[in-house]
Amino acid sequence: MKPKLAKITLDQWDARYEELKSAGLAEPFYGGPLRRHVLDGDLRLADLKFDDSPAALRLWNFLLSEEDRLFSARDGGKKIVGAMKDLGTVPVMALGLPNVVAFYPDGAWWIPCVMRLGDELLGIAQSMGAGESFCPVRAMLAAFATEGHFPIPDLLTCSVGATCDDFSAIAQRLTDFRQSILWWEIPARRVPQVGEEAVDLPGGLTAPVSQVRFVREELERVRRAIEDMAGAKLDDAALADGIAKANGIRRLLDELRYKAYTTTPCPMPAIEMLVAEMLAIHFCSDRQECQAVLEELLAEVNRRIAAGLGVQKADAAGIFVVNPPADLRLMNLLEDCGGRVCGSDYMFGHALDEIPPDVEPMEALARTALADPMAGPAGQRADRILRDAEAFGAEAVLICRIPGASHCATEGAVIAGAVEASASLPVVEIEVPPLIDSVRPNIQTRIEALVETARRARRRRK
Amino acid sequence: MIYAGIDAGSRTIKVVLMASKGNRIIASGIADQGIDQERLAMDIFKRLISSSGKGRKDISRIVATGYGRNAISSADLAVTEITCQAAGVRLLCPQARTVVEIGGQDSKLIRLEADGSVRDFDMNDRCAAGTGRFLELVAARLGVGLDKFGELAGRSENPAVISSMCAVFAETEIIGLLAGGASPADIAAGVRDAVASRLTALAGGRLDDPIVLTGGVAMIPGLADVIAKVLDRQVQVSARPQYTGAIGAAIIACSRPEHSP
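Those protein sequence lines, which keep their order, are chains L and E.
If you read the first sequence in my numbering, its first letter stands for residue 1, the second for the next number, and so on.
If you read the second sequence in my numbering, its first letter stands for residue 1, the second for the next number, and so on.
Source of the hints: derived by calculation from the structure; they are not laboratory data.
A few of these clues could be false.
Unchecked claim - Short derived list, chain L residues pointing at chain E, Cβ under 8 Å:
{"#": "1", "residue": "Ser422"}
{"#": "2", "residue": "Pro426"}
{"#": "3", "residue": "Pro441"}
{"#": "4", "residue": "Arg446"}
{"#": "5", "residue": "Glu448"}
As the list claims (entries may be wrong) - Here are the simulated distance ranges between beta carbons:
{"#": "6", "chain 1": "L", "residue 1": "Leu25", "chain 2": "E", "residue 2": "Met1", "range": "30 to 38 Å"}
{"#": "7", "chain 1": "L", "residue 1": "Glu18", "chain 2": "E", "residue 2": "Ser51", "range": "52 to 60 Å"}
{"#": "8", "chain 1": "L", "residue 1": "Thr262", "chain 2": "E", "residue 2": "Lys148", "range": "17 to 25 Å"}
{"#": "9", "chain 1": "E", "residue 1": "Ala201", "chain 2": "L", "residue 2": "Pro357", "range": "42 to 50 Å"}
{"#": "10", "chain 1": "L", "residue 1": "Ser422", "chain 2": "E", "residue 2": "Leu77", "range": "46 to 54 Å"}
{"#": "11", "chain 1": "E", "residue 1": "Leu77", "chain 2": "L", "residue 2": "Leu25", "range": "37 to 45 Å"}
{"#": "12", "chain 1": "L", "residue 1": "Pro192", "chain 2": "E", "residue 2": "Asp225", "range": "48 to 56 Å"}
{"#": "13", "chain 1": "E", "residue 1": "Asp36", "chain 2": "L", "residue 2": "Leu39", "range": "35 to 43 Å"}
{"#": "14", "chain 1": "L", "residue 1": "Ala6", "chain 2": "E", "residue 2": "Ser255", "range": "27 to 35 Å"}
{"#": "15", "chain 1": "L", "residue 1": "Leu25", "chain 2": "E", "residue 2": "Thr200", "range": "52 to 60 Å"}
{"#": "16", "chain 1": "L", "residue 1": "Arg303", "chain 2": "E", "residue 2": "Ser51", "range": "53 to 61 Å"}
Model, not experiment: these values are computed from the prediction.
Beta carbons: idealized from backbone N, C-alpha and C, even for Gly.
Let the hints inform the model, and build the full structure from the sequences given.
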């Protein structure tokens, strides 16, 4: 029997880091021990368990140094685009210009979790009128107010319309800081009517040509705004180059996800895979480095698969995870309860699909943007989840409800119903607040019971 | 061979000793929950062994379940109350296809396969409304013990309407009702009805017959009838409803290890 790889605590990472450095670990410019992020206030790291590979260290360091990268870009004279509620389109455009950096302000939703409320962002957001009835992304509002987590962008864009009501309401409050926003609209994606001219979208979807044309016009406004801000032309060649590079990352992630989610024993922990997937949306403002981070992670996964090494027991129950949890500890907990991730849908499935390479760049980006799962009916998202759960061999489905997020209130039931009806997989929907401490026993019981039920069903099938 | 199931619930600890032959219950005991769960559980356990004329070495395996299952270090295995409730109901009500369990701090709805294993389940999220703890708070506010709560509610002629689903707000509402002259019986009946109504939201229409009610709250007289009325289905109270989880744990302890969850 092959040994099981250990997941290690932050304290253990201190020693592991020294060991790796002594062995000649080469690190990128943002390297260093994980401990330094705790000293910067990311207290939650002390409660997590991590993969112990240099590839995972690089991944975490890349994620947690985004703030430094953005302030450094500002100091270096680069222009900064904040792409809000954009799950993978505007950053592809913005990074087509060498003097432009794009980032994802929505990522601030994890700050209260990572900082264990140390930055009081949720309290500040509440004082600004965005209390618990809103999605935890309200932390972003407070991050804009404090200006401590990212520089105020030179251009702030936000998709609006069929994407997310909560987000639109929160983003609108940014005008309180005289922060102008370029709103671009995503219509509610619909199935083409009989005889209506239609076009295929990534992810096996279709939409009327008229809707794609509308989104394309909206994105043309974004393109012009980026050009105006940068003082440079963002031509089709630059866009095509950006799309090709973004697709490179998407292909990397596709391979990484397939291998990590289908190989037994599981070669990479759930939490590192969650972070890796998140890179697809915004590349942590550095697409080139993002690619290098993912390549190293994939190489580690390949090495482990070849050696038959895993981070979970071979009999771990395969869980398909829907929606990112607001508290990262949930990913550790899932594994502690005997589960492993076998597939995921973190609400940006379209950012994992290749951007169509064989059409004009703006057309390709419009099709990709319209394929946003939040822009279409929950049933279509459920269809994709069913398809992916089967492809990844999932044995159960865990739906993480995000407290205050309006889309979760309705989507969860639709997805759960579809899974029960079509896949006959056990499914559990749990609410995951930014700090799970008060509900941890309840959450743990439900995940353990889900694992027990999945294992029992596995035995019944044999 | 003798096996033990320990249900370390949020309000009480239950222990069952079971003979593997015929899954026969040899002894059972209960105590209020406290700070040192392990000691409380082991006190009952030792008392039951002693009263059965057995020794510790006669117990082949212990399975712990319930909210405090992971605190019982003497157990060989910890299994969730969801799986244990299903196993217990399988013994006590073999035909059951849905288990409604109202425990001390949560409510569960468990749908079963034909072989009695868990098909799927749901639990209330974080709120205590509709749980044993909630009823206990209300009973105390009305000046009766939980054991008299059902009887009190049964005397109601005009059940009050409890609109709040939050335990804290409901208590405030009850204070207001009392101040407004509502009788304790009507308030108790209103709370009982609210608990039953809450289950419909949890069920979401996913109920397969026959439905069995378990958990300590199931012992409140009249509650099953109200739940049946609200759900518009027949609801049967399990034999020994408070012990169903511990019985299930003992059954799982009796199973061969490879058959454990």
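query: What are the numbers of the hints that this structure violates, sorted from low to high?
result: 1, 6, 8 and 10
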